[in-house]
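K.L.:
In full-length UniProt numbering, the protein residues as written are 1 to 649.
Bear in mind the hints are in silico, worked out from the structure with no lab data behind them. Don't take every hint at face value.
Below, in silico cross-link-like pairs of lysine-lysine (DSBU-like), each with a Cα-Cα straight-line distance of 35 Å or less [as the list claims (entries may be wrong)]:
1. LYS520 - LYS548
2. LYS263 - LYS66
3. LYS461 - LYS211
The structure presented is a predicted model; accordingly, all values stated were derived computationally and were not measured.
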Amino acid sequence: MCGTEQVDPQLRTLRAGPLSVEFDNGAIRYVRIGGVEVLRGISFLVRDENWGTETPVLDDLQVDEKRDAFSVAYRGTCAGACGRLVYQARIAGGSDGALSFVVEAEPETDVLTNRTGFVVLHPIEGLAGKPVKVLHEDGREKLSLFPDTIDPRCPFTDIRALSHEIVPGIWATCTMEGDAFEMEDQRNWSDASYKTYVRPLRRPWPYRLPKGEKFTQAVRLQLLGTLPAGSSKNPDPSINLTIGRAIGRVPRIGIGVAADEAKHAFEVAELIRPLAPQWVVCQVDLRFGHGQDELEGYTALAQLTGAGVVLEIITKGTLDPFGELAPLADAVQSLRLNPEAVSVFPAQDMKSVQPGAPWPAMPTFEQNYAAARRAFPGVALGGGMAAYFTELNRKRPPTGALDYATFTTCPNVHAADDVSVMETLQAIPHLIRSTRAFMGDRLPLRIGPSQLGCRENPYGKSTAPNEANGRVCLSRIDPRQRGLFNAAWTVGYFAACAREGIEAVAFGDFTGPFGHVHRKADFVQPWFDEQDGRMVYPAFHVMAGLSKLSGATLLSVGTSGADNIAAIAAEKDGRTTLWLSNLTANKQSVQLSNTPISARIALLAADQFERAAADPNFMESAGRRLDDQVISLDAYAVARVDLHRSSSA
Numbered sequence: 001m002c003g004t005e006q007v008d009p010q011l012r013t014l015r016a017g018p019l020s021v022e023f024d025n026g027a028i029r030y031v032r033i034g035g036v037e038v039l040r041g042i043s044f045l046v047r048d049e050n051w052g053t054e055t056p057v058l059d060d061l062q063v064d065e066k067r068d069a070f071s072v073a074y075r076g077t078c079a080g081a082c083g084r085l086v087y088q089a090r091i092a093g094g095s096d097g098a099l100s101f102v103v104e105a106e107p108e109t110d111v112l113t114n115r116t117g118f119v120v121l122h123p124i125e126g127l128a129g130k131p132v133k134v135l136h137e138d139g140r141e142k143l144s145l146f147p148d149t150i151d152p153r154c155p156f157t158d159i160r161a162l163s164h165e166i167v168p169g170i171w172a173t174c175t176m177e178g179d180a181f182e183m184e185d186q187r188n189w190s191d192a193s194y195k196t197y198v199r200p201l202r203r204p205w206p207y208r209l210p211k212g213e214k215f216t217q218a219v220r221l222q223l224l225g226t227l228p229a230g231s232s233k234n235p236d237p238s239i240n241l242t243i244g245r246a247i248g249r250v251p252r253i254g255i256g257v258a259a260d261e262a263k264h265a266f267e268v269a270e271l272i273r274p275l276a277p278q279w280v281v282c283q284v285d286l287r288f289g290h291g292q293d294e295l296e297g298y299t300a301l302a303q304l305t306g307a308g309v310v311l312e313i314i315t316k317g318t319l320d321p322f323g324e325l326a327p328l329a330d331a332v333q334s335l336r337l338n339p340e341a342v343s344v345f346p347a348q349d350m351k352s353v354q355p356g357a358p359w360p361a362m363p364t365f366e367q368n369y370a371a372a373r374r375a376f377p378g379v380a381l382g383g384g385m386a387a388y389f390t391e392l393n394r395k396r397p398p399t400g401a402l403d404y405a406t407f408t409t410c411p412n413v414h415a416a417d418d419v420s421v422m423e424t425l426q427a428i429p430h431l432i433r434s435t436r437a438f439m440g441d442r443l444p445l446r447i448g449p450s451q452l453g454c455r456e457n458p459y460g461k462s463t464a465p466n467e468a469n470g471r472v473c474l475s476r477i478d479p480r481q482r483g484l485f486n487a488a489w490t491v492g493y494f495a496a497c498a499r500e501g502i503e504a505v506a507f508g509d510f511t512g513p514f515g516h517v518h519r520k521a522d523f524v525q526p527w528f529d530e531q532d533g534r535m536v537y538p539a540f541h542v543m544a545g546l547s548k549l550s551g552a553t554l555l556s557v558g559t560s561g562a563d564n565i566a567a568i569a570a571e572k573d574g575r576t577t578l579w580l581s582n583l584t585a586n587k588q589s590v591q592l593s594n595t596p597i598s599a600r601i602a603l604l605a606a607d608q609f610e611r612a613a614a615d616p617n618f619m620e621s622a623g624r625r626l627d628d629q630v631i632s633l634d635a636y637a638v639a640r641v642d643l644h645r646s647s648s649a
């Protein structure tokens, strides 16, 4: 499933009349009233100086459930390089919809932290662009709107309470106590939420919590209005899927190539060819002295795959960008590499700059792009950020000098649990629409390479270590890259990009921590490291299959459970192909509403994992006739369905 022996904690549902919450290792998620999501989550967090989140250890957990009320109490301990902090937590909910979460904390050592305290998440679906009442610390209340396009700045500061209408006539008010709070639009990092957090970023960080200095914080939820009668039970409805009309073209799918991984691709050349990417993003990082050797490898890789090469060049950020690019351009010409595009980013762009903060000394966008045009005449020029959408939104380049815009995403900046990472797929359309809002509708957009792991950490000194092969925020090593989880996530990511009309999308790498083909490495890869012969990860089959649909006619897909199932359908050479993935750890059943004349299905699931790892042609050889219109998908399973539909379908 997830490439690790570590088990993600199970969510536990607590109910009081129409109120329900999911208890998750000390935090609460999915606060619902009568099945309507009011808050995405409330958690008490300790973050270190690199924005890494300490996982709390819970003791003395007590849960009391009654028909009209529930309560939770526990002792939490956060310990790591930043120090040690313990806290007593109390959670209580009632059938009137009231909810409270109170923490009394004490640092047992000095704690060096970027943030310690409550984080409150509001969902984006149903709230983006909708009214919100903001009560400020000075008592002023202002009616405003949740941001529709993604706000690069904090939309609200000095917050005491936030109120929004959950259904007509009923308002939910979330009050935060114990420190100053402000909100950021967490969609910037592809999180599916608006985040209200303790301690404004305009204050210095990291900061120190002195040993023995206790503090208390609280979050409270109250409702204004008459609650409808009924239970909080919200059973999953059956998922009906309908394939509809043509809505565009399937994007080109590509793969990123790290400079130190290119050589390993040739060791598994027979597996690279079936992936058949249409484009490869080849990084040349002048901070590390990349040049002739790396370009020679990329040239050979282009010959092996037949893919178009995009050179992603990170310069040292000197004020002479052409002087840095000219030797590379000479080497490209001598090697007859003929890249389809180049994108150039100064080193300064690889670190985050807070909105309103001064930029470091560096070439301007115009100087950088002019140098790239001069060094690579006649080659398409991409621009934006080699890092995440966040930085593109904060440092918006001029569009007139570019042939396309680009950015990447990382789904585990703030949370690395399975549910949170899958939730980021909900934010992808918001990123794309927001980019078009400030870059223009006519400029083509490419995304990637994106993957589960973190390519580079713009917010700290380095990416986080992961010696235990677990789920770790901002780490290059994400074990789920090797599991069914990544296959399901990749289908969801590509489907979201396709629906929004993206020109091209790139994922991961051929091998290594972001790879699709296994190789022995300096990090543990359970089961795979013990096998003889070449092995592929589940997402390999997704990438190889989706690459065959490049340029096909994209068809609309309607589902009644869009957050639980990802789907993309396309028509090519007279055949309709549907890819489905289960985005949850629970079994899902999908009913095909269209009536096919005949259909074949290939399932990528846990019971076929070993066979799929050993057989790069698994999805072709595992196909069977689909005898009815119901597709059963186990946890994180992926299905490819080839169907012939009647003319009336």
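K.L.:
Each of the hints needs a verdict: does it hold here or not?
P.N.:
Hints, verified against the model:
1. At roughly 29 Å between alpha-carbon atoms, LYS520 and LYS548 fall within 35 Å of each other, so this suggested pair holds.
2. About 61 Å separates the Cα atoms of LYS263 and LYS66, which puts this hinted pair outside 35 Å; it is violated.
3. Between LYS461 and LYS211 the CA atoms are separated by roughly 25 Å; this keeps the pair inside 35 Å, and the hint holds.
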